[in-house]
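A.B. asks: Those protein sequences? They're chains A and B, same order as listed. For reference, each letter of the first sequence is one residue, going 863 to 979 in my numbering. For reference, each letter of the second sequence is one residue, going 998 to 1112 in my numbering.
Do not rely on the hints blindly, as some may be mistaken.
Said to hold, decoys possible - Under the rule of at most 25 Å between Cα atoms (straight-line distance), these lysine-lysine pairs were calculated in the DSS-like manner: (1) K1046(B) <-> K903(A); (2) K903(A) <-> K1066(B); (3) K917(A) <-> K928(A).
Unchecked claim - From the structure, some residues in chain A lie toward chain B, with a derived Cβ separation under 8 Å: (4) Q868; (5) H869; (6) I955; (7) F970; (8) R975.
If you're looking for bench data, these hints aren't it; they were derived computationally from the structure. If you're wondering where the values come from, they're calculated on a predicted model, not measured in any experiment. Even for Gly, the Cβ is constructed at its ideal location relative to N, Cα and C.
Here is what each chain is made of, one letter per residue.
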Amino acid sequence: GAVVSQHPSRVICKSGTSVKIECRSLDFQATTMFWYRQFPKQSLMLMATSNEGSKATYEQGVEKDKFLINHASLTLSTLTVTSAHPEDSSFYICSAHNTGTANSPLHFGNGTRLTVT
Amino acid sequence: AQSVAQPEDQVNVAEGNPLTVKCTYSVSGNPYLFWYVQYPNRGLQFLLKYITGDNLVKGSYGFEAEFNKSQTSFHLKKPSALVSDSALYFCAVRDTGSTLGRLYFGRGTQLTVWP
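Just need the whole structure built from these sequences, with the hints factored in.
C.D. replies: If you want it as structure tokens, here you go:
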């Protein structure tokens, strides 16, 4: 079945540093990928829609300069948390839709637990 | 606008008993509905979907869901719960009006199955 690989699964960084999270679709092409953020015991909050070869579309209230998204190929999107602060600590999840199949479900990565100290 | 409501934060059932996790939706057009399950510190796993056709949809791990257009509901069910079913369950609706694939999620329901 369709697999989305997200890396790293867990990262701890110091305040002020930047962290890059990768999301890869392993066996299908994904023109569009989605980045979500999840707080403890809460639902997923869509941060941005990543579009291959063009700029990402950010949701209202999400700082595009802080959460840089790059979707350079049909199988890879990256989210970079720049100048991270403790309030950025969260669980980040990517998902991808198989471009070649209509009405297919979104496939999710296993998430990245970011802790900023 | 699309939206999903999961009225219960928590559902507790005994192993072997049937379980129901409720979901109601609001869409402007035809609904594309999904159920996902999330285990601790993991991403979401797809369980089942309704696009069109039979109102009773069967999915992974013995789960099924019933689409009810008049009640705008899509409740998740399983005839006999297992302890391993304990997890966080999300109902979602697809936005058919804009970006392909974008989902709107309910707030999630924590299912606990005790032995």
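A.B. asks: Now look at each hint and say whether the structure bears it out.
C.D. replies: Against the structure, the hints come out as follows:
This hinted pair checks out: K1046(B) and K903(A) have alpha carbons roughly 24 Å apart, not beyond 25 Å. Distance restraint check for K903(A) and K1066(B): the Cα-Cα separation of roughly 30 Å exceeds the 25 Å cut-off, and the hinted pair is therefore not satisfied. At roughly 15 Å between alpha-carbon atoms, K917(A) and K928(A) fall within 25 Å of each other, so this suggested pair holds. The criterion of a C-beta within 8 Å of any C-beta in chain B is met by Q868(A), whose closest approach is roughly 7 Å, and the hint holds.
Taking 8 Å as the C-beta cut-off, the interface hint given for H869(A) is violated, the closest approach to chain B being about 12 Å. Evaluation of the I955(A) hint against chain B yields a held restraint, the C-beta minimum of about 5 Å falling below 8 Å. Taking 8 Å as the C-beta contact cut-off toward chain B, the hint placing F970(A) at the interface holds, the least distance being around 4 Å. Interface hint status for R975(A): upheld, as the beta-carbon distance to the closest one in chain B is roughly 6 Å, under 8 Å.
Violation of the numbered hints given earlier is confined to hints 2, 5; the remaining hints are satisfied by the structure.
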